[in-house]
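K.L.:
Starting from the known structure of chain A, arrange chain B on it as the hints suggest.
2 protein chains.
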Amino acid sequence: MAESVERLLQRVEELEQELARERSRRIAGDGHCGRTRIQKMSDEVVDSNPYSRLMALKRMGVVSDYEKIRTYAVAIVGVGGVGSVTAEMLTRCGIGKLLLFDYDKVELANMNRLFFQPYQAGMSKVQAAEHTLRSINPDVLFEVHNYNITTVEHFEHFMNRISNGGLEEGQPVDLVLSCVDNFEARMAINTCAPPLVVASNIDEKTLKREGVCAASLPTTMGVVAGILVQNVLKFLLKFGTVSFYLGYNAMQDFFPTMFMKPNPQCDDKNCRKQQEEYKKRAPAQPTQETAPQEEEEVVHEDNEWGIELVSEVSEEELKNSSGPVPTLPEGITVAYTVPKKREDSVSEVTVEDSGESLEDLMARMKKM
Amino acid sequence: MAESVERLLQRVEELEQELARERSRRIAGDGHCGRTRIQKMSDEVVDSNPYSRLMALKRMGVVSDYEKIRTYAVAIVGVGGVGSVTAEMLTRCGIGKLLLFDYDKVELANMNRLFFQPYQAGMSKVQAAEHTLRSINPDVLFEVHNYNITTVEHFEHFMNRISNGGLEEGQPVDLVLSCVDNFEARMAINTCAPPLVVASNIDEKTLKREGVCAASLPTTMGVVAGILVQNVLKFLLKFGTVSFYLGYNAMQDFFPTMFMKPNPQCDDKNCRKQQEEYKKRAPAQPTQETAPQEEEEVVHEDNEWGIELVSEVSEEELKNSSGPVPTLPEGITVAYTVPKKREDSVSEVTVEDSGESLEDLMARMKKM
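Residue numbers (full-length UniProt numbering), protein chains in the order written: chain A, 1 to 368; chain B, 1 to 368.
Excised from the complex, chain A in its bound form:
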């Protein structure tokens, strides 16, 4: 009798432990019941093959060597509305390795975008993302860093991981994708390729204030992530035409393209060095197909970085394709309708930190 009580007590303990494990698995989103790892991508068309639809790109002749995707490592900086979907798409495509950088926590306020779920509120974005992504595709290697890349100490570590965190340790990553929501981080990621709409001299901290937030939709962020990853795939797997710069005006469904040229007199000598190296590599890139020839219309020539943005569509075409500018409320600008106008405004934006609201700031910027 004593023995059977002993056994029962042991069983209760086992069950309690198993229950605790189950609960933590469910909360962490650990897809224990998912699939096991696959050593070699197969093109067999069976329901159980997660790669059949991707490998069919070979059979259809679009991509010559789809399996090569497993040899690439991509770093994603910012795992928010765009970065998380970007990570999920690359994970489902079977990328070799993903490095994720973010210092934020998941909040219920993020549920207006794809990917994160309410039960993950409070978890760090990179950890929550890693759990979900692993259960989606256990073949991908993940390396996550829960810190802000713009601090000196973390920037050094970030640079080190970009240079050494490739598929094989010691090798650089193949691409760095900027999916951040502020200019400071954007500049930290690339001191030589500034964003098209530049808010120089604005203290961004005035934009992120208590009780104020910018509106966002799962649609715009899904479209941007989709276009980004489509171009990543075209670039890595060498098919189609890679866009240098592609905008999305969601109000009018207008998608302007730009060709971006580096500044040969860039202050950063590393940048100049990389420009030289790129020139040597360039002929092998599929992107060359659409590089515009001569007589390019140069926009933004006078910006402080000396970057030239070459519009691929004429003013007339822009007008025709975009239709009339919609009547927008004060404070809202359409980023991609009349790029010519920005020629004067870039590098002249000066808004004082006067405690204005986000709307006031945007209205001011619009008037300039």
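I should point out that these hints are in silico values taken from the structure, not numbers from a laboratory.
Keep in mind the model is a prediction, meaning the values are calculated, not measured.
Hints are not guaranteed to be accurate.
The list treats identical chains as interchangeable, and a pair is accepted whether it falls inside one copy or across any two copies.
Below, simulated BS3-like cross-link-like pairs (lysine-lysine); rule was C-alpha separation at most 30 angstroms, straight line [stated by the list, open to error]:
| no. | residue 1 | residue 2 |
| --- | --- | --- |
| 1 | K105 | K58 |
| 2 | K269 | K58 |
| 3 | K40 | K105 |
| 4 | K68 | K261 |
| 5 | K279 | K269 |
| 6 | K280 | K40 |
| 7 | K269 | K238 |
| 8 | K40 | K238 |
| 9 | K273 | K261 |
| 10 | K269 | K105 |
P.N.:
Frame of chain A, contents of chain B only:
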């Protein structure tokens, strides 16, 4: 002693039941730890408010009455690569009610697209989707139907739900979104608005054969779903310009727009009736802003449905915006580069059921 054994046995049973419940919750993706229902959308900017970023569209003046989204019911036919993401976006936006129609099961072979996860393999797509969507946003009402709408019996039920399954039972749904992968279902959804690329007289069963599948990527489907839902939001919440027809050429990042006109001589009298009703309602629609005026270039005038497709870009503009046609392998066509050419090919496509491969069929269609 006997009593304590009794108690222990009872405890073991309780624990076993709880463990089974936990397991099924985790497997079903039931976000038990998610959030509770919210009675009224708030615009308060706090981390715990899942609607703050959406309600900010009001504060920024883009949408005048965002809460109105809760009054709409949308039916989604096909819950695959495009439909599932479409459903997730509308769920996160806080739509009033979603009706999902699909008869397929989740397979590991679907993991190349967003939304479904490996642990859901074997579940019906509509049930798996409902579980996930409920845990993302418990405020949305869901009605799911696990059947094929193209059979006579189910088509009747489908039509009945479209007419009566609105937010209030007995009212029609506000929009029907076609996210299906075959022409039969597309024609069943709308006998008067055929897809732009029409494969008349092809027995589609020859396309879906053992050992053959069409390639697909999470990127293209994410972009298409994003553009679709963006236009749904613009249409329902009356902002921006709604696109009648928007294409996506992923190889070249080219997004042509078309204006679609109904056929006033349509054989379907319901269609003609709805055309009349639409004409009366039309002035109130935001879509009118960009309806092209007179002298429209009419494409596809001779197709069997009498539908007119009016290109909003000239041949010259198309050429300039799309750049050179990439060198594509045999069997692959770019759907949106030279629409003029399709004028001759529509309604003349005749491919015999000769057991050809998908590639052969596509190559043949290309040559026509």
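K.L.:
Compare the structure with each hint and give your call.
P.N.:
Taking the hints in turn, this is what the structure says about them:
1. K105 / K58: between (40 angstroms within a copy, 26 angstroms between copies)
2. K269 / K58: Close neither inside one copy (40 angstroms) nor across copies (46 angstroms); limit 30 angstroms.
3. K40 / K105: Cα proximity of K40 and K105: across copies only (25 angstroms, versus 35 angstroms in one copy).
4. K68 / K261: within (29 angstroms within a copy, 45 angstroms between copies)
5. K279 / K269: Cα proximity of K279 and K269: one copy only (15 angstroms, versus 63 angstroms across).
6. K280 / K40: neither (33 angstroms within a copy, 60 angstroms between copies)
7. K269 / K238: within (29 angstroms within a copy, 51 angstroms between copies)
8. K40 / K238: Classified as within: same-chain Cα gap 21 angstroms, cross-chain 50 angstroms, threshold 30 angstroms.
9. K273 / K261: within (15 angstroms within a copy, 55 angstroms between copies)
10. K269 / K105: neither (36 angstroms within a copy, 56 angstroms between copies)
In this structure, the earlier hints numbered 2, 6 and 10 are contradicted, and the remaining ones agree with it.
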